[in-house]
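Chemist: Sequence:
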Amino acid sequence: MNFCHYSAEDVIGRVCYAAELKDYFERFFSGSRYLKPNRNCNITSRVSGCEPGWACAVSVPEDVDMKDFVNIPARTDDCQPCCEGFFCPKGLTCMIPCPLGAYCPTATLDTDTGICKPYSYQLPPGMPNHTCGGANIWADILTSRDLFCSSGSYCPTSTQKIPCSSGHYCRTGSTSEKACYNLISCNEGSSTQHIQAYGAMLIAAIFTILLIIYNCSDQVLTIRERRRAKYREAASRRAKERVKADERTMELSTLHQSSEDVDYNDSGTSNASQENILKLRSQTCNNTDDNLDHSSKKRLQKGKQIHTHSEIFNYAYSQIEKEKAMQEIQSLSFSEVTTTMAVNAETRRRPTIEVSFQDLTVTLKGKGRRHLLRCVTGKMMPGRITAVMGPSGAGKTMFLSALAGKAHGCKITGSILINGKPDSIHSYKRIIGFVPQDDVVHGNLTVEENLWFSANCRLPANMLKQDRVLVVERVIECLGLQTVRNSLVGTVEKRGISGGQRKRVNVGLEMVMEPSLLILDEPTSGLDSSSSQLLLRALRRETLEGVNVSMVVHQPSYLLFQMFDDLVLLAKGGLTVYHGSVREVEEYFSEIGINVPDRVNPPDYFIDVLEGMVKLNTSSGVTCEQLPVRWMLHKGYHVPPDMHANAAAMFPEGQLSSNVLNDNEGAAEDHSFVGEIWEYVKSNVKVRSDVIRHNFLRTKDLSNRSTPGILVQYRYFLGRYVSC
-10 MNFCHYSAED VIGRVCYAAE LKDYFERFFS GSRYLKPNRN CNITSRVSGC
40 EPGWACAVSV PEDVDMKDFV NIPARTDDCQ PCCEGFFCPK GLTCMIPCPL
90 GAYCPTATLD TDTGICKPYS YQLPPGMPNH TCGGANIWAD ILTSRDLFCS
140 SGSYCPTSTQ KIPCSSGHYC RTGSTSEKAC YNLISCNEGS STQHIQAYGA
190 MLIAAIFTIL LIIYNCSDQV LTIRERRRAK YREAASRRAK ERVKADERTM
240 ELSTLHQSSE DVDYNDSGTS NASQENILKL RSQTCNNTDD NLDHSSKKRL
290 QKGKQIHTHS EIFNYAYSQI EKEKAMQEIQ SLSFSEVTTT MAVNAETRRR
340 PTIEVSFQDL TVTLKGKGRR HLLRCVTGKM MPGRITAVMG PSGAGKTMFL
390 SALAGKAHGC KITGSILING KPDSIHSYKR IIGFVPQDDV VHGNLTVEEN
440 LWFSANCRLP ANMLKQDRVL VVERVIECLG LQTVRNSLVG TVEKRGISGG
490 QRKRVNVGLE MVMEPSLLIL DEPTSGLDSS SSQLLLRALR RETLEGVNVS
540 MVVHQPSYLL FQMFDDLVLL AKGGLTVYHG SVREVEEYFS EIGINVPDRV
590 NPPDYFIDVL EGMVKLNTSS GVTCEQLPVR WMLHKGYHVP PDMHANAAAM
640 FPEGQLSSNV LNDNEGAAED HSFVGEIWEY VKSNVKVRSD VIRHNFLRTK
690 DLSNRSTPGI LVQYRYFLGR YVSC
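Heads up: the sequence shown begins at -10 in the working numbering, then just goes up one per residue.
I should point out that these hints are in silico values taken from the structure, not numbers from a laboratory.
Take these hints with a grain of salt, some might be off.
[As the list claims (entries may be wrong)] In silico SDA-like pairs for lysine to any residue, Cα to Cα no more than 25 Å straight-line: (1) 675 - 692; (2) 368 - 219; (3) 395 - 313; (4) 418 - 530; (5) 150 - 199; (6) 106 - 37; (7) 167 - 149; (8) 400 - 346; (9) 418 - 429; (10) 313 - 552; (11) 368 - 106; (12) 79 - 66; (13) 561 - 633; (14) 219 - 233.
[Unchecked claim] Listed next, with one range per pair, are the computed distances between beta-carbon atoms: (15) 98 - 155: 34 to 42 Å; (16) 427 - 382: 13 to 21 Å; (17) 180 - 98: 23 to 31 Å.
By construction, the Cβ of each residue, glycine as well, lies at the ideal position given by its N, Cα and C atoms.
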């Protein structure tokens, strides 16, 4: 206002009222470049105040309402150039104040171009007395850059422009100058501050930090691992010392009890001592929790998580020693062990899976439709180890793959029931472990890192940390991997642990997910006798928790053979020769005239018989080709049509029941050339559809286990990748 040549009252009469401001800003926000004709500026009335940079006064100020948004007042008197600090748009006869950050001086005429500087409007033709006025427009920076205070200067008011001083910088539209950062030089009139020095320092700092991390990370990880190993060894030592002390107390109590019971008869003494041993062992198992302090016990009872390494390892190893004491009671009976564990041990309950199958047949899709497995009927019970044996090409791996839902490219007929229900095996995939014949361990990780990666991704998401540690430590203890837990597994280029240890790690990857059904394909191949026994003992421990274990084995030793509960013996062509208890297999074969010679391993002899390498006793009248039919007739199963001749050769005419002769299987059809091509196309489509269904279609989850989500598993994957 101080730079305006009008009086204060006259300036108020020249400032735009509400209706004029509304008209201007509606045009501004709509993006139009021109104002609509109004009361003062139209075809019939065009005063000099309608030109850019000029304004007029209201004719009768007393009769005008400044807040009227509808009616534009008559403003055609005493038209003069716009004041400094105001702008007067073309098409309006009033002034609008320039906002802060704008520079709105009075324009001067450039005689060479005829343009009013610093603006871009020209004088109207035919009006010799018209001069350059003030600013004519104010909008965004792209439309009206000339009205903004230029870079390198600042404008405290809309009529004052001051160059930026040294040590400061001023951006376009600044109302004050800003001080530059330390260590940065800003010359007079600077529009920006040059922060290249700070960028260089930031890059140097990041490089230094990365260098420190690269050089010291191994040492930090080593120190952390040493501390964990120290806590782990101390917890293991305390747990073992506690168990030894309790065992000495138990021996003294047993001797004292035996001296008191000397007057009883032998059977009574035996039963009483057996019960006393059971009670004392149970008490010993319960006393192992004394390794935990009071606060840890309290948190465990409330289901809360314990955090310190010493507390976690104390809890884990006390539970491991308790389970070892429970396994020592196996010499009594399995029911007593199960009862004692159910009463005293605080073990997590796993859901049990019983797999039963009837007339299970696996056929290759395509021409020929060769049978890989045929008419297999039986059941695999929880809490038992089932061994699948047979000569090469008998379909042992295909049998377990079909049960696990991994037999792709094949047609599967017959029924598979899970716990007596026709549910898909894929509905239980979160609690089913499958150990393939080839190793799937990561060679650039240590043994413990491999096990932890599998445990983190496949154990329940809500499992407490101490329980996860217990699971991993138990598997390492059972598989005898304590000495190599921090060793790299190794690759083809870089040697690591031995082949037997690598095989045990491969099995441990599935054991740490606490499966209810564990399927193993030749886990003892390449292992020596001691390693195989160690692996079988670990699997026996899994069966004590109700796990259904099924495995393919090749020529086990007699000691290993006796550690199995059930045996599935397959002949070439995928036909069942025997499916039952290991204790009864020799009795069954002796009934049909096949007796195992002295000092011969029974499983080796049975495999030789199925291979045709052993000449059977001709007096019995049984050949190796008739063994599958003999088993079908023994169990009352249906006999396929192509085996009726063998069945009739073993029994006189009329002794065979008609219900065991199955005539439902049709003979193979002969196809023409076009028919064979069509069958090939159909089989290819079915194989592709199986792959798509297995990889992309989701089945209903019946496992009642919630594993970590994709993002959490991806975090574990990144941790695994960084460890490499």
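Chemist: Need the list of violated hint numbers for this structure, in ascending order.
Modeler: Hint check: 1, 2, 3, 5, 11 fail, others pass.
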